[in-house]
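**Q** For reference, the chains in residue letters:
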Amino acid sequence: MSKAIELEGLRKVFRVRERTHGFVGALRGLVAPRMREVVAVDGVSFAIAAGERVAFVGPNGAGKSTTLKVLAGILRPSAGQVRVAGLEPGRDRGRLGYRIGAVFGQRSQLWPHLPAADTFDLLAKIYELAPVDYRARREELVRAFEIQEICEKPVRQLSLGERMRCELVASLLHRPEILFLDEPTIGLDVVAKATIRDLVRERGRRDGCTVLLTSHDTGDMERVCERVLVIHRGRLLLDRPVDALRRSFIPRKRISVVSEEAELALDLPGVRRLPSAPHRTELEVDLRAVGVDRVVAQIVQRARVLDLSVEDPPMEEIVTAIYAGASADEGSP
Amino acid sequence: MTAARVSRVSGKYLAFALAAARRTLAEPTLLVGRCAFLGVILFVFSRIWHVIGASAALPGVGERELIWYLAVTEWAVLATPPLFLSIEAEVRSGDVACRVVRPVSYVGAHISEAVGEAALRLALLGPSAALFAFALSGGFPADPRGLWLALPLVLVAAFVAILCMAAIGLSAFWIVDTSPFFWIWQKLVFVLGGLLFPLELYPDWLQRIAHLTPFPLMCWAPGRMALGLAPREALASAASGAVWVALLCGLLVVLSRRARARLTVNGG
Numbered sequence: 002m003s004k005a006i007e008l009e010g011l012r013k014v015f016r017v018r019e020r021t022h023g024f025v026g027a028l029r030g031l032v033a034p035r036m037r038e039v040v041a042v043d044g045v046s047f048a049i050a051a052g053e054r055v056a057f058v059g060p061n062g063a064g065k066s067t068t069l070k071v072l073a074g075i076l077r078p079s080a081g082q083v084r085v086a087g088l089e090p091g092r093d094r095g096r097l098g099y100r101i102g103a104v105f106g107q108r109s110q111l112w113p114h115l116p117a118a119d120t121f122d123l124l125a126k127i128y129e130l131a132p133v134d135y136r137a138r139r140e141e142l143v144r145a146f147e148i149q150e151i152c153e154k155p156v157r158q159l160s161l162g163e164r165m166r167c168e169l170v171a172s173l174l175h176r177p178e179i180l181f182l183d184e185p186t187i188g189l190d191v192v193a194k195a196t197i198r199d200l201v202r203e204r205g206r207r208d209g210c211t212v213l214l215t216s217h218d219t220g221d222m223e224r225v226c227e228r229v230l231v232i233h234r235g236r237l238l239l240d241r242p243v244d245a246l247r248r249s250f251i252p253r254k255r256i257s258v259v260s261e262e263a264e265l266a267l268d269l270p271g272v273r274r275l276p277s278a279p280h281r282t283e284l285e286v287d288l289r290a291v292g293v294d295r296v297v298a299q300i301v302q303r304a305r306v307l308d309l310s311v312e313d314p315p316m317e318e319i320v321t322a323i324y325a326g327a328s329a330d331e332g333s334p
Numbered sequence: 256m257t258a259a260r261v262s263r264v265s266g267k268y269l270a271f272a273l274a275a276a277r278r279t280l281a282e283p284t285l286l287v288g289r290c291a292f293l294g295v296i297l298f299v300f301s302r303i304w305h306v307i308g309a310s311a312a313l314p315g316v317g318e319r320e321l322i323w324y325l326a327v328t329e330w331a332v333l334a335t336p337p338l339f340l341s342i343e344a345e346v347r348s349g350d351v352a353c354r355v356v357r358p359v360s361y362v363g364a365h366i367s368e369a370v371g372e373a374a375l376r377l378a379l380l381g382p383s384a385a386l387f388a389f390a391l392s393g394g395f396p397a398d399p400r401g402l403w404l405a406l407p408l409v410l411v412a413a414f415v416a417i418l419c420m421a422a423i424g425l426s427a428f429w430i431v432d433t434s435p436f437f438w439i440w441q442k443l444v445f446v447l448g449g450l451l452f453p454l455e456l457y458p459d460w461l462q463r464i465a466h467l468t469p470f471p472l473m474c475w476a477p478g479r480m481a482l483g484l485a486p487r488e489a490l491a492s493a494a495s496g497a498v499w500v501a502l503l504c505g506l507l508v509v510l511s512r513r514a515r516a517r518l519t520v521n522g523g
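Line order of the protein sequences matches chains A and B. Take any residue in the first sequence, count from 1 to its spot, add 1: that is its number in the numbering used here. Take any residue in the second sequence, count from 1 to its spot, add 255: that is its number in the numbering used here.
The shape of chain B in the complex, shown without the other chains (with noise of 0.2 Å):
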């Protein structure tokens, strides 16, 4: 493939992910909507570690530190969009017909799209959670420097997200309704990924068991700096990111040829 040639292919993803970018700012109130629930859930889950006073459960880590361990969670599993609603919905509707006749992968552009709205989450919902952690725990974490890591470790984590998203979204061509996946993959997000507890909390076999899946990259990855400055599993962290996305990639490379040699269109 010539450079010409993969500048134009790529503008075309490019383009996919721009135009998404323009939608979602062209619907501001669920912006606002999504940084109010960021809001609502960090104030909630700042009381409760306050009442429990988990500041004992880890050496070294107190309730502020656990504050903005969740917020640095929560901000990237929010900014992540439901990619599989939008492929489940054309696959009902029959709208599929619409994006296969072009020259552009499916996959791809749908994947383009959710990286383009990612990228617009991310930009606003970033210092809204840094505002509410700043706000609810008094201050910033003991160690702050690790804030910075979790800038790219956040991007891996929604890029996981989204092909795992694919993924389920492309099921859509066997079951049409995908929502059995997204819940038990919502599920392992919340336990195995250290949504709400970084995975240090949990018993040994059960953190062994969590890094052998792609979950805590998705939420304990990024959250883990903001326990403190760890560029060693920052790195372990963005080379695990590096062999998930490969795999995954593998993966919907297969899913999307076998969903297209079973496609058939709903509504004549």
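Chain A extracted, bound-state conformation (with noise of 0.2 Å):
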């Protein structure tokens, strides 16, 4: 199979002020600067095959969104080959646009005072689109990703789930061959992630385009990818498939409870309880032992329950798992 992104040794050094304080510090930074080196990514390889779908994970800090601004030609990389679509992107950045697509969570391509409708027409003229393809497109995509109505409102109005909906139908219109998504689903709603979730696999499934996607949430790797590479400190620790990873350092959820009763007590084995407060449980879950379905029956028939929620654990803790070498099958491929 073809690779769509290939990656040998990658170094990101960004150079930057150090800041001193008082008056004189300031002073003496005008006149004579200091400047030190942050690696945000240090050596960093690995290779996807066209079609792909990988997660690129790892907590706050890693490295991965550097990592995926030097793929998209953001940014230039201090050291190492990159190539994506065959192309180098620091070199050929107007080539490689009209073959990838970029969501960036955090941002938005969307004009603010204007319908999303407006944004995905001057795209159009951007990425060079036949009228007939382009009307086409936009109508298949605007159905799929169910914003009929919320696409001649403008941006600035629509909800943070609804304006991403509209996000990555403007990164598709063009039919990439690629898809980079950095952060797709932060700061969103459990129901708007999942549906998020659920159009990007689809997608990616439908156009055949390959998908890298960054997010310190495991969800997103679970319910999108097949493959997910972890990234700590700027260097790779581990490239495996998600039901690997997911068997070997995500064992566990996190159950929290609100009842109308203050404590809750379970006879599950692998359940325990962590510090609660009354009224609200927290239990952690050793899904070796039980699943997640058990647990939430008992609790359902024991107590009233006016909230619950269930997690994975936080990113940092897989990372540390991963440090740890707390798997059995620590090193299988």
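A few of these clues could be false.
If you want the footprint, here are the derived chain B segments under chain A, 3+ residues with CB under 8 Å [stated by the list, open to error]:
1. 325 to 339
2. 397 to 410
Per the computed footprint, the stretches of chain A lying under chain B, defined by three or more beta-carbons under 8 Å from a beta-carbon of chain B, are [claimed, not checked]:
3. 68 to 74
4. 110 to 121
5. 127 to 137
Keep in mind the hints are simulated off the structure, nothing from the lab. Just so it is clear, CB atoms sit at the ideal spot from N, CA and C, and this is done for glycine as well.
Two chains, each in its own frame: build the complex with the hints.
**A** Shown next as structure tokens:
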């Protein structure tokens, strides 16, 4: 299978000015600024085949967004070889632009004062789409993402979830071969997250485009991708199928219950009660011993539930587990 | 480059200009506010000209002509959108990342947006400026034919100002806060550009210095046409405009290449 993305020894170093305290320090900084180097990405290598959906996960500041920006041609690498769709992003940015799509969860490519439909029209011109093709593609995506009504409203009036659906349509209009998604579910509620994940997975399958998704939310990688790359402090920690990672390093879930009863007691194996408050019970569930469905069933049986949430452990905990070699199959492919 | 390719590429930039014009129309209160501000400025200066009796300063130029001069220069200045602020905001917030992945020139797109917005502002502020000047001065200038020549020259003025603002905006890639450069540039436009007074009122040596810079193109060149018909000066200003546009475009190419190499994206 041909390679969509190839990366060999990527290194990205930022030179930043050191801030010094006090008035004298500020004056000294003006005359003779002291610079220091921050290594954001340190020798990362991997390859992604065309059509693969890969999650690039890690805690905040791990270097995942920087890597993605190098791949998209936004930043230039300090060292290493990078090829995306057979092109060198730093050198062929113009040509690469036609072949990739990008969504940055914390930023918007839509014009806030205009309806998203106006941005779609503008993008059709930017990507030089033939009017007939553009109209058909827009129609298809607007229907698939269910934005018929919202795409005529000014973008600033949309909720974050609605805006993100429009952002995805905007990035897919020109049928990109490779789609870069940088934290596409950040700040979204549970329902909006699930919708975005389903849409990305489905669209990736239909269009056959390669998806590289960065996130610090393990749910994104589980629902969307088949392979995961874990990065920490600029270095690649792990590269394996999502299922293998889940079995090895995400054996637990956290359940948080708000109930009318002050106390909630369960008698299931693999369920540990974490420090809780009256009417609020925090539980840790070992998935190797018991399924989430059984735990939730017993909770509902024993208490009048006001609120309930099921979460993965935070990314930091997974990275710590990887470091500690907590898995039995550590090192297996 | 084939004709079809030229048409597709120019279509991209035209689309940016049209989208910016639509965005400007979506905020009508800002346009009304700008018109009101223009009226206030013209009212204040018409009173000042009246009190100090500026008519004695330039032979053949009366208070009425000076009010029309100011109307034209303010029209040009207020029609130019603060493009540097958009570039600075994108660099500050990191939104520049969304813009540079597109197969279109980052600066070219910004300039096109500014041109689209300026075209709409010129179309709306022009009649307002003429109405205010007419009402405050009590009629047209002694030789109103020059006002027709002010029309193309105000387009040159706005375009040169947009290019200068794009260069100021690109400085954000180095210093982030572009306001120091803007303040200097704005004061030079006011003084060497002749925003409030025609350059003819300046000492000879200062006039010569002013004409070596692009600043008179942004105010004096179109404003001068309100003082009387001067086709030779209009042609000289158009030629000077072409030279400065070429020089500024060259500067923008160099700056944008260096800015791209320096790009770091704030906010991860």
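**Q** Take the hints in turn and mark each one as holding or not.
**A** Comparing the hints with the structure gives:
1. 325 to 339: Since three or more residues must qualify, the claim that chain A covers the stretch 325 to 339 of chain B is violated, with 0 doing so at under 8 Å.
2. 397 to 410: violated (count 0)
3. 68 to 74: Held - the stretch 68 to 74 of chain A has 3 residues with a Cβ nearer than 8 Å to chain B, which meets the minimum of three.
4. 110 to 121: Holds, because 6 residues of the stretch 110 to 121 of chain A bring their Cβ atoms closer than 8 Å to Cβ atoms of chain B.
5. 127 to 137: holds (count 3)
Taken one by one, the earlier hints fail for this structure at numbers 1, 2, listed in ascending order.
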